[in-house]
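S.K.: Listed here are the chains, written in short residue letters.
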Amino acid sequence: MNSNSITVSNLTKKFSFSARNSSSGWLKNLFSPETKEIVAVNDISFSVKHGERIAFIGPNGAGKSTTIKMLTGILFPTSGKVNILGFDPTKDRKKLAYQIGTVFGQRSQLLPNLPITDSLEFFGVMYDMPEKEIKKRIAELVELFDLSSFITQPVRKLSLGQRMRAEVAASLIHKPKIILLDEPTIGLDVVAKKSLRDLLLKINKEENTTIFLTSHDVGDIESLCDRTIVINHGVVIRDLPTQDLAKTFVYEKYIDLVALSNFNNFPELPEGIRYSSKDKNKITVVVDINKINVQESLKKLLDLFEVEDIDVYNADLETVIRHIYERDSTSN
Amino acid sequence: MKEIRLATKILKTLVKDRIQYLDRLVVDTIGVIARCGILLILYWYVFKLSNGVINGTTFLFAAWSIFFYFSFSVLRLRDISREIMKDIQTGNVEVLFSKPISYLSYRMWWQVGSGIYSFVVITLLAVVALFFIIGLPPTMTIGIFIPTLILTFFCGAILSLFLYTIVGLLSFWIEDINPVFWIVDKAVMILGGSYLPVALFPAFMFKIALWSPFGASQFVTHTVYETWQTNWYQLVGIQLFWIVLLGLVVYFMFESAKKKVSVNGG
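Going down the list, the sequences are from chains A and B. The numbering used here numbers the first residue of the first sequence as 5 and each following residue consecutively. The numbering used here numbers the first residue of the second sequence as 4 and each following residue consecutively.
A portion of the hints provided could be inaccurate.
Derived EDC-like pairs: lysine to aspartate or glutamate, alpha-carbon spacing no greater than 16 Å straight-line [said to hold, decoys possible]:
(1) K12/B x D132/A
(2) K99/A x E6/B
(3) K257/A x D320/A
(4) K263/B x E41/A
(5) K95/A x E6/B
Derived DEER-like restraints, expressed as beta-carbon distance ranges [unchecked claim]:
(6) G29/A x K210/B: 57 to 65 Å
(7) P37/A x W47/B: 51 to 59 Å
(8) D47/A x D179/B: 54 to 62 Å
(9) N181/B x S20/A: 35 to 43 Å
(10) W47/B x G29/A: 37 to 45 Å
Note that these hints are calculated values from the structure, not bench results. For every residue, glycine included, the Cβ atom is placed at its ideal position computed from N, Cα and C.
If we strip away everything but chain B, and leave its shape as in the complex, we get:
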C-alpha cells in the first residue's frame, strides 16, 4: 500500500514538475517528429519504389510499427542507467539510501514519472496525426489489439527498466558504464525495430529479435502485424521469461552492490 502511495506521489509530483516546463515537451515533440518523421518519409519512398509491398508488408504496417517504437522511447526508460550512474558518481545515492524506500523501485518509478507526461501528450497527438495521414491497418481494429497492446507495453516497460537498471548497477563496479550502455542501447534500437521494421528482418535476425531481451523489450512494435493475433501469447510469454530472469539478476546485483557503496568523504 505504501509503495503504491509513494509511486502515485512520484508520478503526480513529476507530472506537475514537467507541466511547468512546456519547452521540454516541445523539444521532446520536435525530437520525435524529426527522428520518426524522417524515417517514415524514407520508408514511404522505399515502399513506393517497390510497388508498395516489401516482404509481404505494406508501408501502413511498417509506419505504425516504427511509430510504436518511437512512442515507447519517449518514456525515456533507458535513462535509468545514467541516473543510477549519476547517483553513484555524485554521491546522491547516500541521500536516497538514508530514506525508508527501496532505492531501485524509487528510481524506476521516478523514471516512469519523468517521461509519462511527454509520452501521453506526444502519443495522443501522433496517433491522431497518423490516423488522418495514413489511416489504420485492419489489425489495429480487432478486439484483442488494445488489451494485448497494453499488456505487451507494460511487460516491455518492466523489461526495459530491468535491462537498463542492470547496466546502471554496473556503475558500482566500473567507473564509466557508457560503453556498455551504448552496446545495449544499440542492440535494443536495432532489434526493437527502430531503424528497420521487424517485419523486414532476415529470418535469423528476426529470431534474435524474438528471443533476446533487447528485442523482447520492444515487442510493442510487433502488435500491428497480422502474426500478432496468433502468436501474441508466445511473445508475451517470452517477455515474462526475461522479466523473471532479469529481475533476479537485478535483485542479486543490487544486494551485492549495496555492500560496495562508497561515497566521496566516506
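The shape of chain A in the complex, shown without the other chains:
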C-alpha cells in the first residue's frame, strides 16, 4: 500500500496575461495584445506521508498558495502531476473533496448570519453525511474545539480567534484524511494562535490527519510541523525536518555586546565578523565560524569595545528562514 498522502511530480504552473504595450497603438493593443507569462510554480516535486505535518513556507509570491490550489483541484497545472490519496485533483476534484479539508485563512466558508451549528449541518449535508452522523460529529467537534460557549451566536459576531476555530471545525466535519491550511493563523493574537495550533496537533494525533499548511508565522512551523518545505520563485529550495532547519546556518553565531557607557564609534571589524545591528547602547555582530572561532572573535571584540555584558547565541528560526529567502534571492 502506498504510504504517501500526497505525491507531486514536476509540477509547473504558468499564468499568462495580456499586457498593454505603450509603443503600440490602441488598435494593436486591443486586437493583438502582447502576452506575458509568469512562472508561479516551476517543476517542483515532493511527497507527503500519511499523518505527517508539513509546513510549506516561502516569501510572498513564492508559489505556496498556487501549489495548495493545484493540490485541491482549484487550479489546473500547466504541466506535471499531482496525486492525492490516489486521486488526480484535475480529474477527480469532487471525489477528492470528500477526502480533504481546506481552510483559507483570509476567507470564510461559514454562514455569517447563522450560528456555527447551522454551518456545520450545512457542510455535513454538502459532504453527503447521514443526519445521525452529522449530529454525532458536530457534538465531537464542539467538544474538541471547545465551541460550546459561542455555539448559538451568529458567526459574524464571533471574534477572529473563535471564527478560525469554527472554520477549522467546519473543514473537519467529514473527517478528512488531509487538511490543507493556507495561512490559518493570519491576524490571530498569540493566545488564539496557540489554541489553534494545539487543536491541529490534537486532530493529527487522534485522527491521524495529515496537515499541510502554508504560513508566514514561524510559531506555526516550530510548534506544529515536523517537516518544512521552503519554496521561493516557484522552486523548492529546502525540504528537511523542521528541527534541522535551525541547524542550516549553524556556522553563524550571534554576539550581543551591551555598552559599559555608550558606544561612540563603530570601527571596522576583523574578517569573519560583521555588524548585524549597531546603536550606542548595544551592538549585535554575526560571526562566521568557518573563518574565525567564537573565542578568537570575543577577544578581538573586547579589544575594540568596552562592554558591560555579552551574549552568544545561534540564529532563531525566523532569522534562519529570512537567510534562506535572502540567499536564494541573491543566487537568482
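The hints should help you fit chain B onto chain A, whose structure is shown.
M.R.: Leaving out everything else, chain B in the frame of chain A:
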C-alpha cells in the same frame, strides 16, 4: 438524490436566514410597492384617458401582467451574475471549488433560496391586495391558467438563471461584467414587459419579445391575456428551446472557465 438533499438544505438554511431579518423583507416590499405601484397608477390613468381600452386590452389585464413581472423579479435571479463576479473578484470561488459540489448548481440554488422567502410573502400579499382592488381577469379563472402559469414560471426561472449565469461567467474573461449585465438586464426589463405591458408592444417588438431569450424569460407576463389559452404551448416550447441552447452555452463556458481560474496569491 444528493443534489436534491443539498438544494433542500440550501433553501431551508436561506429561508431561516432571511426570516431573522424582517427589515430586508420590509425593504423588498416597499421596493415592489414603489416601482410596481407607481407604474400601475400611471397606467390606470393612461387607460382612463383612452376610455379604458388600448390596443384591445383593458387596465385589468395590463395591471396583472405588470404585477407578474415585478413578482418574478422579487426572486432576484438576476443577481446570480453579480454573485459569480464577486466570487471571482474576491477569490471566494476557491472556497466553493474545494467542496464536493457543482459550483454552478450550488450558486443557482443559492440564488433561488435568497429570494424565495420575499417572493412568497410579497406575492401572496400582493395577489390578495390586487384581487380586492382591481379584481381578476376572466382568463385567470380558467382551468389551464394555474398549471400553465407554474410551468412557464419554472421555465422562466431556469432561463433567467442561465441567461444571467452566462453574464456572470464572463467574469472569468473580463474584469467588470457590469456593462454587459446592464444591457442584458435592460433587454429583459423592456422585452419582459416591465415598462410597457407586452400587449401594447408594436408588432415587430412583440416578435422580438417572443423569440428572444430576454423576452422568453418573462413569459409569465403573457399568461393573463386571452391569447395565452391558445398559444401557451408554443411559448413554453420557445422557452424550452432557449433553455437547451443556453444550458449548453453555460456548460461549455464553465468547462472553459474552470481552466482559467486564478485567485490572488495563486
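S.K.: All the hints need checking, so say for each whether the structure fits it.
M.R.: Results of checking the hints against the structure:
Using a Cα cut-off of 16 Å, the hinted pair K12/B and D132/A holds, with the two alpha carbons roughly 11 Å apart. Simply put, K99/A and E6/B have alpha-carbon atoms about 15 Å apart, close enough for the 16 Å limit, and the pair holds. Restraint check: the Cα-Cα separation between K257/A and D320/A comes to about 10 Å, which is no more than 16 Å; the hinted pair holds. In summary, the hint linking K263/B to E41/A is supported, as the alpha carbons are separated by about 14 Å, within the 16 Å threshold.
At most 16 Å may separate the alpha-carbon atoms for a hinted pair to count; K95/A and E6/B exceed this at roughly 20 Å. At about 42 Å, the CB distance of G29/A to K210/B disagrees with the hint of 57 to 65 Å. For the hinted restraint 51 to 59 Å between P37/A and W47/B, the CB-CB distance of approximately 55 Å keeps it satisfied. Remark: the range hint 54 to 62 Å for D47/A to D179/B is contradicted by a beta-carbon distance near 35 Å.
As the Cβ distance of N181/B to S20/A is approximately 25 Å, the hint placing it in 35 to 43 Å is violated. Between W47/B and G29/A the C-beta distance comes to about 57 Å, which lies outside the given range of 37 to 45 Å.
Of the numbered hints given earlier, the model fails hints 5, 6, 8, 9, 10; all others are met.
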